[in-house]
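Chains as they are written, first to last, in my numbering: chain A, 1 to 507; chain B, 1 to 507.
Honestly, the hints are just simulated from the structure, not real lab data.
Be a bit skeptical, because a hint or two may be false.
The list makes no distinction among identical chains, and a pair is therefore deemed to hold if it is satisfied within one copy or across any two copies.
Said to hold, decoys possible - Within a straight-line C-alpha distance of at most 25 Å, the following computed DMTMM-like cross-link-like pairs (lysine to aspartate or glutamate) qualify:
id: 1; residue 1: LYS205; residue 2: ASP131
id: 2; residue 1: LYS33; residue 2: ASP464
id: 3; residue 1: LYS501; residue 2: ASP219
id: 4; residue 1: LYS245; residue 2: GLU480
id: 5; residue 1: LYS389; residue 2: GLU338
id: 6; residue 1: LYS376; residue 2: GLU39
id: 7; residue 1: LYS376; residue 2: GLU424
One-letter residues, chain by chain:
Number of protein chains: 2
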Amino acid sequence: MSSLMPDSCIFLLLVVLQLGAHAVEGVWPLPQKLLSSRERYTLEPRTLYFVYGRESSAQEGCSVLDAAFKRYFSLIFPEYTAGRLYHEISLDLLNGLNSESSSMYIKLIADYILRLTTGLETFSQLVYQDDDDTYFVNKTYIKDFPRFQFRGLMLDTSRHYLPLRTIFKTLDAMAYNKFNVFHWHIVDDPSFPFQSLAFPDLSRKGAFHPMTHIYTQSDVRKVISYARMRGIRVLPEFDSPGHTKSWGQGQPDLLTPCYTGNTPTGSVGPVNPALPSTYKFMWALLKEVTSVFPDSYIHLGGDEVNFSCWKSNPDIRTFMQKMGFGTDFAKLEGFYIENIVNITSALNKTSIVWQEVFDNHIQVSNLSLSVVEVWKAGCYLCKVRKVTKARLRVILAAPWYLDQPHNWAHYYNVWPLAFKGTEEQKKLVIGGEACMWGEYVDASNLAPRLWPRASATAERLWSDENQTNSLDKAFPRLNEFRCRLLRRGIQAEPLSVGHCKYEYEGI
Amino acid sequence: MSSLMPDSCIFLLLVVLQLGAHAVEGVWPLPQKLLSSRERYTLEPRTLYFVYGRESSAQEGCSVLDAAFKRYFSLIFPEYTAGRLYHEISLDLLNGLNSESSSMYIKLIADYILRLTTGLETFSQLVYQDDDDTYFVNKTYIKDFPRFQFRGLMLDTSRHYLPLRTIFKTLDAMAYNKFNVFHWHIVDDPSFPFQSLAFPDLSRKGAFHPMTHIYTQSDVRKVISYARMRGIRVLPEFDSPGHTKSWGQGQPDLLTPCYTGNTPTGSVGPVNPALPSTYKFMWALLKEVTSVFPDSYIHLGGDEVNFSCWKSNPDIRTFMQKMGFGTDFAKLEGFYIENIVNITSALNKTSIVWQEVFDNHIQVSNLSLSVVEVWKAGCYLCKVRKVTKARLRVILAAPWYLDQPHNWAHYYNVWPLAFKGTEEQKKLVIGGEACMWGEYVDASNLAPRLWPRASATAERLWSDENQTNSLDKAFPRLNEFRCRLLRRGIQAEPLSVGHCKYEYEGI
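Input sequences plus hints: build the corresponding full structure.
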């Protein structure tokens with residue numbers, strides 16, 4: 001759960017029930033193997049039981065699965081309100097085993113607990129209703145596994161604060177799309193909503209509001225737990241040395257004072273890399289952060305560092321000379337990053353950085369980079385090729401910037417491995433993520449901007465590329481999936497003219 | 001209410017209460033005259049009473065105002081849930097009169113009942129809360145009236161069906177923005193959701209779904225009543241002869257069969273203007289429509305008529321010869337429009353048409369056009385000039401197509417009267433409207449796409465142009481207004497980085 005270990009785990013889903021015609025358009029994202037027949041069976045809420053198989057290594061009491069059974073029962077039968085029927089359900093299904101009831105026979109096999117929750121998601125998408133609202137499922141055989149192990153979605157809670165409720169709702173929708181990493185770009189220039197116990201002034205002075213616009217550690221734990229129950233890891237990002245304006249509000253000497261000639265201008269630049277106090281602070285902050293976020297990875301940012309303020313500062317220039325950096329400020333940046341990466345390693349966490357760190361500092365002697373996130377537009381596959389050639393792992397974000405106004409097809413027509421490279425290199429592309437930067441997005445418009453466009457990314461990261469290279473084939477399936485999202489309360493916007501049986505009536 | 005009569009009516013708002021500092025950024029749209037002082041007074045829900053003035057021509061029992069008082073009480077004091085305090089409020093305020101209570105003195109004068117509801121809106125926007133959530137209002141003098149009498153918002157319920165709830169919510173937000181016309185583009189090619197009693201097959205066969213995706217006449221009456229209570233007229237559009245594909249589903253011989261040579265292709269084109277049955281049908285349909293919609297205007301469409309199908313049809317060509325139209329299909333179109341406009345006149349309604357009708361048919365002898373809606377991009381003011389030169393009234397829509405992805409500033413930087421023309425001509429520009437076409441919009445994303453971008457249009461149509469020609473000045477006020485919309489449950493999207501005291505938590 002809390003590591004980037006390969007989740008090549010497989011799940012099998014076998015549905016065999018009772019007779020008919022018509023079916024669903026399919027499952028989104030498309031399973032690796034799906035054989036469906038026209039044989040249709042009715043599903044009855046009163047007779048559907050999930051039961052753990054007798055030989056299953058997971059049994060009742062496995063909180064993730066117990067909760068998933070409850071959740072998916074409601075998702076499969078939306079007309080049966082939560083709680084109403086729960087006392088009648090004996091939870092079940094699973095790991096190498098099967099259950100049978102008078103009216104159906106469903107087998108879900110997996111070698112990994114969280115894979116089972118994705119299996120339940122797949123099963124839930126096979127269920128459909130006719131005009132009389134009877135539930136049906138067609139006889140189906142599915143063998144499935146994800147193409148990439150890292151399938152992320154990034155939210156930015158600094159440019160706008162996102163209420164917990166909005167984050168939870170996004171995690172719900174992520175699970176429906178089989179995303180498994182919530183990359184939480186939690187702080188940045190505009191605000192610092194993370195409540196640090198070691199440095200309470202960071203949010204007290206750096207958040208938009210010290211009480212209403214922060215994430216307490218209890219909030220963070222709720223998010224992590226909510227995500228974990230849905231098979232999603234939470235990857236925190238504390239971006240530095242740039243993108244840190246809000247940090248300076250609560251940590252006075254952290255940022256570099258900018259100068260005009262010999263006079264401080266009053267404004268500040270990136271983190272001051274010349275002061276020992278900076279590293280002491282970063283150690284303490286990262287120690288706290290890594291204790292709050294259990295994931296074994298942490299995103300350290302490192303993007304878009306502007307050197308002009310460093311250049312203007314006489315103390316920085318003195319430090320440069322002392323260190324023998326000459327006038328090469330990239331070396332200073334490298335020095336800073338090296339220290340932060342070392343702190344992270346000492347805290348037993350692996351660091352992820354944005355591509356600039358690779359671009360500028362691949363030569364830095366002591367820098368042990370491991371995962372590089374490629375985000376810049378242009379020939380991003382050229383960059384993927386270079387990074388993998390340097391034997392580093394890659395997360396691809398460049399083609400999936402959802403704050404851009406492209407339609408779903410733009411995000412679907414992406415081929416992450418279409419670069420010249422060895423098999424080894426291709427394996428180093430561990431996945432990708434859809435990024436939703438927050439300049440123009442908050443709780444008011446996040447959902448329709450995310451969905452179903454992020455679903456295009458989700459399929460690209462989960463499904464076999466050869467089976468999903470046609471927009472025309474994908475369109476009706478995505479359209480149906482979008483209606484399913486609406487039905488589940490996700491405010492997914494329409495792809496084109498048309499309608500859903502159940503329109504959004506949320507507000 | 002149900003006519004385009006000039007609403008040059010004036011309202012005065014005078015607020016005089018009890019002491020402080022800080023104030024609101026202002027009112028949106030900006031009043032014609034606003035003098036505010038730093039003198040701040042507290043407002044207390046338990047002591048605010050609305051009372052009709054003794055000499056007011058309107059008195060308790062005036063349903064529009066009684067309801068407006070209740071509504072605005074809740075909007076002014078959002079923490080006081082609806083109903084809880086109503087039994088304690090004696091309704092009041094008004095028309096040439098004033099009321100006084102121990103703690104305050106508010107005078108609202110108007111020569112027109114609906115102007116008073118806009119006055120209440122203005123008053124509600126003057127109220128603000130401090131960090132302790134105490135309510136305040138600053139001493140303020142306001143004299144206000146709208147720049148244009150027609151301030152419309154168009155919704156398209158054919159490309160996507162919009163649930164009643166979504167329409168109501170939009171009408172709420174329209175009132176907050178002082179829009180006064182809901183232009184209901186109710187039917188079009190993709191679907192015919194209007195339930196006609198005379199021709200029930202139109203929605204039975206032409207709607208996306210005959211039961212769940214239609215507007216019954218009771219639904220329509222609810223919308224009209226809901227709008228009326230908020231000072232908003234409902235202008236229905238039944239667009240023909242193009243944009244009528246869905247009509248053909250339930251009215252078999254209405255549309256023109258297209259041909260290849262002498263063989264019908266099976267597809268259909270615009271309404272068939274050569275058949276007497278067409279006009280009989282249109283008469284009956286428009287008779288019903290005009291009885292359901294009380295507004296004295298009706299929008300007849302007339303845009304984007306494609307002649308190729310007409311050209312292909314041998315019967316149409318025969319009719320052209322008989323009528324002496326030669327091969328000029330614009331004449332055929334003119335003939336159709338003339339008939340429809342005449343039907344409308346006979347039904348005592350005034351017609352509004354899209355600009356093509358003016359472009360193609362200003363020469364048609366018997367065509368008595370009155371209001372032309374200018375929608376085409378390019379030099380739209382050239383068109384406004386031409387139409388007004390022909391002494392016809394203009395509604396301007398071209399610069400306010402909200403389905404385009406422009407930001408608020410684009411819609412704000414519009415100068416509807418910046419064309420060379422006489423004073424007479426300028427007076428013929430009766431207003432404008434923001435149009436939200438429905439290709440990519442339904443209930444899931446309508447609100448954040450409308451608000452606050454449509455608010456830019458609203459201010460342009462209400463306020464004095466010279467006082468509202470600065471984006472920089474407008475920005476903080478619009479930002480505050482947007483937060484106010486959020487607080488009122490309108491899912492208005494953010495304009496830029498930042499936060500609202502109360503973020504959207506609707507979902």
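Same-copy or cross-copy closeness of LYS245 to GLU480 [CA-CA at most 25 Å]: between (44 Å within a copy, 24 Å between copies)
Copy assignment of LYS389 with GLU338, given that the CA separation must stay at most 25 Å: within (21 Å within a copy, 72 Å between copies)
LYS376 and GLU39: within-copy, between-copy, both or neither at 25 Å Cα: neither (48 Å within a copy, 53 Å between copies)
Intra- versus inter-copy proximity for ASP131 and LYS205 (alpha-carbon distance at most 25 Å): Cα proximity of LYS205 and ASP131: across copies only (16 Å, versus 56 Å in one copy).
25 Å Cα threshold - placement of ASP219 relative to LYS501: Answer is between: at 19 Å across copies they meet the 25 Å cutoff, but 36 Å inside does not.
Intra- versus inter-subunit Cα pairing at 25 Å for LYS376 with GLU424: Intra 23 Å, inter 56 Å, cutoff 25 Å: intra-copy only.
LYS33 and ASP464: within-copy, between-copy, both or neither at 25 Å Cα: Only inside one copy: LYS33 and ASP464 sit 9 Å apart there, 64 Å across copies, limit 25 Å.
In this structure, only the earlier hint numbered 6 is contradicted, and the remaining ones agree with it.
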